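S.K.: Here is what each chain is made of, one letter per residue.
Protein chains: 2
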Amino acid sequence: MPYDLYYWPSIQGRGEFVRLALEDAGAPYRDVCRLRGVSAMDRFLGKQAFACPFLVAGKLVIPQTANILYYLGARLGLAPKGENERLRLHGLQLTIADWLTEVHDTHHPIAASLYYEEQKSAARQRAAIFLDERLPKYMAYFERAADERFSYVHLSLFQMIEGLRYAFPHAMHRAERKYKKLLRLVDRVAARPRLAAYLASERRIPLNQQGIFRRYAELDQA
Amino acid sequence: MPYDLYYWPSIQGRGEFVRLALEDAGAPYRDVCRLRGVSAMDRFLGKQAFACPFLVAGKLVIPQTANILYYLGARLGLAPKGENERLRLHGLQLTIADWLTEVHDTHHPIAASLYYEEQKSAARQRAAIFLDERLPKYMAYFERAADERFSYVHLSLFQMIEGLRYAFPHAMHRAERKYKKLLRLVDRVAARPRLAAYLASERRIPLNQQGIFRRYAELDQA
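Chains as they are written, first to last, in my numbering: chain A, 1 to 222; chain B, 1 to 222.
The shape of chain A in the complex, shown without the other chains (with noise of 0.2 Å):
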């Protein structure tokens, strides 16, 4: 029975962390609002979720990324099955939803449901501290994980840097000589067989400006 993924279907966004554990593992899927359109959350959201994405998996509906996450990454071979483990790297998980949140709201510090035009005085001050405060704080944290086991929070590390550079190309090459293992892990996890096929399919949206990481110049200084 394959898993049904319910998240936007023109942005990788948060939905793209559940799609790189899927497509790793070689799992069977369906990225439903591609198939039959976004209408099709209309029964889930509200109720078992409050947002997208969430997870359909047979009568199980999980809500929440890392949630997911958590879920399928023991099943699907992407982390241990002990407790202990699963924990552990539940709470990278969750770090890196943060470490997104804020990404997000560098371009919109005020509501999503606001353009960034409408913000972008408050978006220039927060990206500027964002870059200088808390990237490299988290970079830094992570940097110690990127040698560890390989496991789904890899491929969430990923995520994060290729997003990063896409947005803020000028502060992450500068970053480069400072966190050489997590940038490195890029080319590691987008070598991996299965990974590299979905990296170069049509599955893989590309990202784009109306997704989670955006390029505005003003945001990202040379």
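A portion of the hints provided could be inaccurate.
Any copy, or any two copies together, can satisfy a pair, since identical chains are not distinguished.
As a list, the in silico DSSO-like pairs of lysine-lysine whose alpha-carbon atoms are at most 27 Å apart [said to hold, decoys possible]:
| no. | residue 1 | residue 2 |
| --- | --- | --- |
| 1 | Lys181 | Lys47 |
| 2 | Lys81 | Lys59 |
| 3 | Lys59 | Lys120 |
| 4 | Lys47 | Lys59 |
For the record, the hints were derived by calculation from the structure and aren't laboratory data. Here the structure is a predicted model, which means the values were calculated and not measured.
Chain A is fixed; fit chain B onto it per the hints.
M.R.: Just chain B now, with coordinates in the frame of chain A:
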């Protein structure tokens, strides 16, 4: 062996969600930084935990509030033992975590490292949209969970409502009519014997202007 909770000793903050579970269950625990100061966290921060709160249970170090509650829930009798139901409750808890971050960002939309006064105008905008769009969405979502079988999620909903009443008394007063079950939940939780004893004790740190829930008259129009 008592649990060791590490969190800031002078605010409720995220740590309070863990304290409520430990107190309601009558579990033996030490609030380590209140006994030994915040430097007790140093050997864990940036290593096993990116930030506090984290819980130490024997050799296990568990970071992230929702992760801690996932771990404690079934052990303390505050969640069923079946995996499906644990994942469902965890999904709710992670949504509470998102809600809490949005509450925090109403007064600190630009950066946690700046004073409120330095981001007051952005805070005013963010708080207005939060109260108009996001608060009703979260309240409506959790209104349906209020009646469910008691779990640690209800303790966290109690904390959210108490905090929101402190921060936004006018907005919450207007919400009383619409989200009756959720708001009634507060009284039911507060009447649980062990929790009532905790709330009346000096262990319960009062809500204050250094925490996540803060009252600024200009963010909560009458």
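S.K.: Report the numbers of all earlier hints that the structure fails to satisfy, in ascending order.
M.R.: 3
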